[in-house]
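> Please model the complete structure; the sequences and the hints are all you need to start from.
Protein chains: 4
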Amino acid sequence: MKDKKILNGQEIIVNVRNLKIGGKNPKIFIGGPCSVESEKQIMTTAKHLKEIGVDILRGGVFKPRTSPYAFQGLEEEGLKMLRKAGDEFDLPIITELMDEKNLDLMLEYTDIIQIGSRNMYNYPLLKTLGGVDKPVLLKRGMSATIKEWVLAAEYLAAHGNKNIILCERGVRGFDNYTRNMLDLAAVPIMKKETGLPIIVDPSHGTGVKWLIPPMTKAALAAGADGIMVEVHPNPSEALSDGDQSLTFEEYENIYKECAK
Amino acid sequence: MKDKKILNGQEIIVNVRNLKIGGKNPKIFIGGPCSVESEKQIMTTAKHLKEIGVDILRGGVFKPRTSPYAFQGLEEEGLKMLRKAGDEFDLPIITELMDEKNLDLMLEYTDIIQIGSRNMYNYPLLKTLGGVDKPVLLKRGMSATIKEWVLAAEYLAAHGNKNIILCERGVRGFDNYTRNMLDLAAVPIMKKETGLPIIVDPSHGTGVKWLIPPMTKAALAAGADGIMVEVHPNPSEALSDGDQSLTFEEYENIYKECAK
Amino acid sequence: MKDKKILNGQEIIVNVRNLKIGGKNPKIFIGGPCSVESEKQIMTTAKHLKEIGVDILRGGVFKPRTSPYAFQGLEEEGLKMLRKAGDEFDLPIITELMDEKNLDLMLEYTDIIQIGSRNMYNYPLLKTLGGVDKPVLLKRGMSATIKEWVLAAEYLAAHGNKNIILCERGVRGFDNYTRNMLDLAAVPIMKKETGLPIIVDPSHGTGVKWLIPPMTKAALAAGADGIMVEVHPNPSEALSDGDQSLTFEEYENIYKECAK
Amino acid sequence: MKDKKILNGQEIIVNVRNLKIGGKNPKIFIGGPCSVESEKQIMTTAKHLKEIGVDILRGGVFKPRTSPYAFQGLEEEGLKMLRKAGDEFDLPIITELMDEKNLDLMLEYTDIIQIGSRNMYNYPLLKTLGGVDKPVLLKRGMSATIKEWVLAAEYLAAHGNKNIILCERGVRGFDNYTRNMLDLAAVPIMKKETGLPIIVDPSHGTGVKWLIPPMTKAALAAGADGIMVEVHPNPSEALSDGDQSLTFEEYENIYKECAK
Chain L
1084 MKDKKILNGQ EIIVNVRNLK IGGKNPKIFI GGPCSVESEK QIMTTAKHLK EIGVDILRGG
1144 VFKPRTSPYA FQGLEEEGLK MLRKAGDEFD LPIITELMDE KNLDLMLEYT DIIQIGSRNM
1204 YNYPLLKTLG GVDKPVLLKR GMSATIKEWV LAAEYLAAHG NKNIILCERG VRGFDNYTRN
1264 MLDLAAVPIM KKETGLPIIV DPSHGTGVKW LIPPMTKAAL AAGADGIMVE VHPNPSEALS
1324 DGDQSLTFEE YENIYKECAK
Chain B
1084 MKDKKILNGQ EIIVNVRNLK IGGKNPKIFI GGPCSVESEK QIMTTAKHLK EIGVDILRGG
1144 VFKPRTSPYA FQGLEEEGLK MLRKAGDEFD LPIITELMDE KNLDLMLEYT DIIQIGSRNM
1204 YNYPLLKTLG GVDKPVLLKR GMSATIKEWV LAAEYLAAHG NKNIILCERG VRGFDNYTRN
1264 MLDLAAVPIM KKETGLPIIV DPSHGTGVKW LIPPMTKAAL AAGADGIMVE VHPNPSEALS
1324 DGDQSLTFEE YENIYKECAK
Chain X
1084 MKDKKILNGQ EIIVNVRNLK IGGKNPKIFI GGPCSVESEK QIMTTAKHLK EIGVDILRGG
1144 VFKPRTSPYA FQGLEEEGLK MLRKAGDEFD LPIITELMDE KNLDLMLEYT DIIQIGSRNM
1204 YNYPLLKTLG GVDKPVLLKR GMSATIKEWV LAAEYLAAHG NKNIILCERG VRGFDNYTRN
1264 MLDLAAVPIM KKETGLPIIV DPSHGTGVKW LIPPMTKAAL AAGADGIMVE VHPNPSEALS
1324 DGDQSLTFEE YENIYKECAK
Chain C
1084 MKDKKILNGQ EIIVNVRNLK IGGKNPKIFI GGPCSVESEK QIMTTAKHLK EIGVDILRGG
1144 VFKPRTSPYA FQGLEEEGLK MLRKAGDEFD LPIITELMDE KNLDLMLEYT DIIQIGSRNM
1204 YNYPLLKTLG GVDKPVLLKR GMSATIKEWV LAAEYLAAHG NKNIILCERG VRGFDNYTRN
1264 MLDLAAVPIM KKETGLPIIV DPSHGTGVKW LIPPMTKAAL AAGADGIMVE VHPNPSEALS
1324 DGDQSLTFEE YENIYKECAK
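Chains as they are written, first to last, in this note's numbering: chain L, 1084 to 1343; chain B, 1084 to 1343; chain X, 1084 to 1343; chain C, 1084 to 1343.
Keep in mind that the hints are not guaranteed to be accurate.
The list makes no distinction among identical chains, and a pair is therefore deemed to hold if it is satisfied within one copy or across any two copies.
[Unchecked claim] In silico DSS-like cross-links for lysine-lysine, where the CA-CA straight-line distance does not exceed 25 angstroms:
| hint | residue 1 | residue 2 |
| --- | --- | --- |
| 1 | Lys-1087 | Lys-1184 |
| 2 | Lys-1339 | Lys-1107 |
| 3 | Lys-1085 | Lys-1163 |
| 4 | Lys-1130 | Lys-1085 |
| 5 | Lys-1184 | Lys-1217 |
| 6 | Lys-1107 | Lys-1167 |
| 7 | Lys-1085 | Lys-1107 |
| 8 | Lys-1167 | Lys-1217 |
| 9 | Lys-1184 | Lys-1103 |
| 10 | Lys-1339 | Lys-1163 |
| 11 | Lys-1107 | Lys-1292 |
| 12 | Lys-1275 | Lys-1088 |
| 13 | Lys-1085 | Lys-1275 |
| 14 | Lys-1339 | Lys-1133 |
| 15 | Lys-1217 | Lys-1087 |
| 16 | Lys-1085 | Lys-1123 |
| 17 | Lys-1107 | Lys-1210 |
| 18 | Lys-1292 | Lys-1103 |
| 19 | Lys-1087 | Lys-1292 |
| 20 | Lys-1292 | Lys-1085 |
| 21 | Lys-1275 | Lys-1292 |
| 22 | Lys-1210 | Lys-1184 |
| 23 | Lys-1085 | Lys-1339 |
Don't read these hints as lab results, they were simulated from the structure.
Computed from a predicted structure; not experimentally measured.
Below is the structure:
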């Protein structure tokens, strides 16, 4: 693949506080709600996830929603709640950035900046994040080819930031049995092509709750450096993605089976 | 389709200077190079397109390129060249905005702001453009569903801007014979669902020069309100998309056959 | 494209009784029900289609159904009804062959043998049909690439039969707004690559009734040599594909607008 | 899913000679060349695979090739070679049936009848195989939905044969980095929906040699009951699929890592 100058396949380890992600380091377990909905919700979630042994707390505060009339996230207020939960339970946090205008907030509060599927091709945003000293989790675009994804990561690297964690989250498929088609071959391919750590998001990758355990196992067997799963204290009342969110108990079962 | 409150299918006519786009108005012909490369290039192009009868001049100045090392456009300098060419030959101009930081430049110089495929899901940008008094051409995302595209337009409308021209430019397919798969059924569907005018871009929609004439005819027969085609004084020397760019003569032939 | 020895792009005209299909000959209109359901149904349909000016009568008698428990067609009995209707109203007939065991019946009764999407890759069947003296309508496979489709036609030609009419009927897409994604660029591509006549089936290509008129116009504008549409005396009572079947009046309107 | 009466999710174990496939039985390893090319080739392969510990010998003798001019297989002669190799080294054999005319040969010589991707929708062939007393390996069609695949299996069951082994072999994707997109979520889905054993073919599922080991591990972790891999004594001289064929040593390494 031409146009790849920096991410040449040599192994890169990403540090997030005390965690080391990639290479032969232990697999990373990320969990949390699709959206931060209230302080109580995120504190409860953080407490349970910490007890389970989860490594990083996720939660959306600026939400890219297909409809302009859907819940758009708690924004700054939610970000502070997420930070508070992370501090209280000693968990690094990750949340999505959609708009450069919120970058300062992100730099102040979060440990990892997530670029979602809808922004993988947002090159101005990638260039900007190339200039910050903070790890970036780069999700694959909805129908991004391997080459496009590699070069999106290269945008970050070319502008100065090699602290990149890739995230396979399924691509658009032709069958609505699942929400997306999880492309696990992308795991070894992206590792080989870039050298970066890669995690898998089976929640968005399938959109089907009972598929999360087998797909987590498959992802780790394929060589993924970790997984990111949506967890909610009460999935049936979630403001977004309730259908694909696990309960604490369900996540604990996965963790016990896989985190060795 | 729920979540559609403003764009309800009632016909919307978009005004660009003296042009009226949509409804029973004459079909619109847009042409110009993928990238503005020099003053000479864009002036020559504008002169010829005006003579042919083309309605609007296109030219990229901020270019979303897959590789960070590819030519990224002439930026502000190119935008001024494009404006100068438009003024000299009395052609409204259209160019792509990728980054809100360039919005003021756009508002000053261009007649239509293009949102490219890579930014159809860039909701913060759509919200911002909802607040401006300038027509927006909204291209379909690379694998956007009808619903996602409708709701991207609804983002603009919900934030105040109904001067929207849709643009079908092909979706990601499984066959590399063409660059994309041109989905002409989207033309009548989007008109019915939103009421907005819609044009077709057979240059990106096929990526194959000799397919542009038949696909232009098919697009107009399907009900498209116009077409947008890449034209270059010397396609073999173009800095981007040379393979799919027409010569002036080739565009003139299409225009003569179709603009009745 | 290598492996193409016989179908090299030189124009081929297919004769079906008095009709000539392809080249500069008039566009062909094919119509009829998804399934032959009764003598009355097919006779009524044939009568109306003849009055409208339609050229060829279609009707399924051996039906490839996704479910083993769905109506599988009237088989030999239906074929005889179709023949009777064709004779009574002087219309050539076309029906689908799925199984070589029914070839003798086909040779006796039908004018054109249809190979459906599900059998485009059925090479033994194609080889057999290469040896018969009867035109074959070869539908595109559900997600067949251009190359695969060209070479499926080449199978027929390599075994002796160049009387081939191609039929674009949409490919599998990612959006369930339509049943398939109609790929009209395939029309000029297949003509150029093979020289064969090609028709379009907007009924299966969209699966949406109101999209059939605009897609028929677009197909003919793209250079198609004809169209094939599902028509039923009473679509709401059809045993298969009722949702995408036109009434006689609806087909008449299309015919009047397009058959010039 | 309606139209599913027999394959209702209750676990089915398939017996092939002494092997039991499905449920809690040991994972099955199938290997062999894409095509049987000579007696020496298949005997050498069988010998090595037996030594490694592989369970079943595969080899194509009737080959569904995209081009009519490509090698079409050794047919009956090849089938006898495959049988001889199976007998000599005490390995059950599997080969593909494309044409009902060869069914008697298949019944005489093979232990498992394979229905390839191109014939998953060949309902007459499925009905016929519903009436035989021999296990059928049913590959997924190139872009078959879960529902279509389930109902293809139901065709076999509805006509009397429940000895079905499913095989996920990748679906058509949009990225040519791999030959197909391996859909491992289909493994737990098909097991749940049908109760049948399912194996994975990472050779066709990726078409990339070095991806076979990680995808084998992922497939087994997702719950697959076995794998089928192309192996050749000298991949660079294979008459078909050489690029994706493993050497004996490469297969042995996979076997050692996974067969526990």
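> Hint by hint, note whether the structure agrees.
Verification of the supplied hints:
Taking identical chains as interchangeable, the C-alpha atoms of Lys-1087 and Lys-1184 are never at most 25 angstroms apart, the minima being 29 angstroms within one chain and 28 angstroms between chains. Proximity of Lys-1339 and Lys-1107 under a CA criterion of 25 angstroms is satisfied in both settings, with 20 angstroms inside one chain copy and 21 angstroms between copies. Proximity of Lys-1085 and Lys-1163 under a CA criterion of 25 angstroms is satisfied in neither setting, with 42 angstroms inside one chain copy and 33 angstroms between copies. For a Cα distance limit of 25 angstroms, the shortest separation of Lys-1130 from Lys-1085 qualifies neither inside one copy, at 46 angstroms, nor across copies, at 37 angstroms.
For the identical chains of this complex, Lys-1184 and Lys-1217 are neighbours both inside a copy (16 angstroms) and across copies (22 angstroms), given an alpha-carbon limit of 25 angstroms. Taking identical chains as interchangeable, the C-alpha atoms of Lys-1107 and Lys-1167 are never at most 25 angstroms apart, the minima being 31 angstroms within one chain and 46 angstroms between chains. Taking CA atoms no more than 25 angstroms apart as the test, Lys-1085 paired with Lys-1107 passes in neither setting, with 28 angstroms inside one copy and 46 angstroms between copies. For a Cα distance limit of 25 angstroms, the shortest separation of Lys-1167 from Lys-1217 inside one copy, 19 angstroms, qualifies, whereas the shortest one across copies, 42 angstroms, does not.
Taking the closest pair of Cα atoms, Lys-1184 and Lys-1103 never come within 25 angstroms of each other, the shortest separation being 29 angstroms inside a single copy and 35 angstroms across copies. With identical chains, the CA atoms of Lys-1339 and Lys-1163 are never at most 25 angstroms apart, being 30 angstroms at best within one copy and 50 angstroms at best between copies. With identical chains, the CA atoms of Lys-1107 and Lys-1292 are at most 25 angstroms apart between copies only, with a shortest distance of 23 angstroms across copies and 29 angstroms within one. With identical chains, the CA atoms of Lys-1275 and Lys-1088 are at most 25 angstroms apart within one copy only, with a shortest distance of 14 angstroms there and 40 angstroms across copies.
Within a single copy, Lys-1085 and Lys-1275 get their C-alpha atoms as close as 15 angstroms, which meets the 25 angstroms cut-off; across copies the closest is 33 angstroms, which misses it. In this homomeric assembly, Lys-1339 and Lys-1133 come within 25 angstroms of each other (Cα to Cα) only inside a single copy, at 13 angstroms, whereas the closest approach across copies is 37 angstroms. In the homo-oligomer, the alpha carbons of Lys-1217 and Lys-1087 lie at most 25 angstroms apart inside one protomer (22 angstroms), although the nearest pairing across protomers, at 38 angstroms, exceeds that limit. Taking the shortest alpha-carbon separations for Lys-1085 and Lys-1123, neither the intra-copy value of 49 angstroms nor the inter-copy value of 31 angstroms comes in at or below 25 angstroms.
For a Cα distance limit of 25 angstroms, the shortest separation of Lys-1107 from Lys-1210 qualifies neither inside one copy, at 29 angstroms, nor across copies, at 43 angstroms. Taking the shortest alpha-carbon separations for Lys-1292 and Lys-1103, neither the intra-copy value of 29 angstroms nor the inter-copy value of 30 angstroms comes in at or below 25 angstroms. With identical chains, the CA atoms of Lys-1087 and Lys-1292 are at most 25 angstroms apart between copies only, with a shortest distance of 23 angstroms across copies and 37 angstroms within one. In this assembly of identical chains, the alpha carbons of Lys-1292 and Lys-1085 lie at most 25 angstroms apart only when taken from different copies (21 angstroms versus 39 angstroms within one copy).
In this assembly of identical chains, the alpha carbons of Lys-1275 and Lys-1292 lie at most 25 angstroms apart only when taken from different copies (14 angstroms versus 30 angstroms within one copy). Proximity of Lys-1210 and Lys-1184 under a CA criterion of 25 angstroms is satisfied in both settings, with 14 angstroms inside one chain copy and 13 angstroms between copies. In this assembly of identical chains, the alpha carbons of Lys-1085 and Lys-1339 never lie at most 25 angstroms apart, being 42 angstroms within a copy and 36 angstroms across copies at closest.
The structure is inconsistent with the numbered hints 1, 3, 4, 6, 7, 9, 10, 16, 17, 18 and 23, although it conforms to all the rest.
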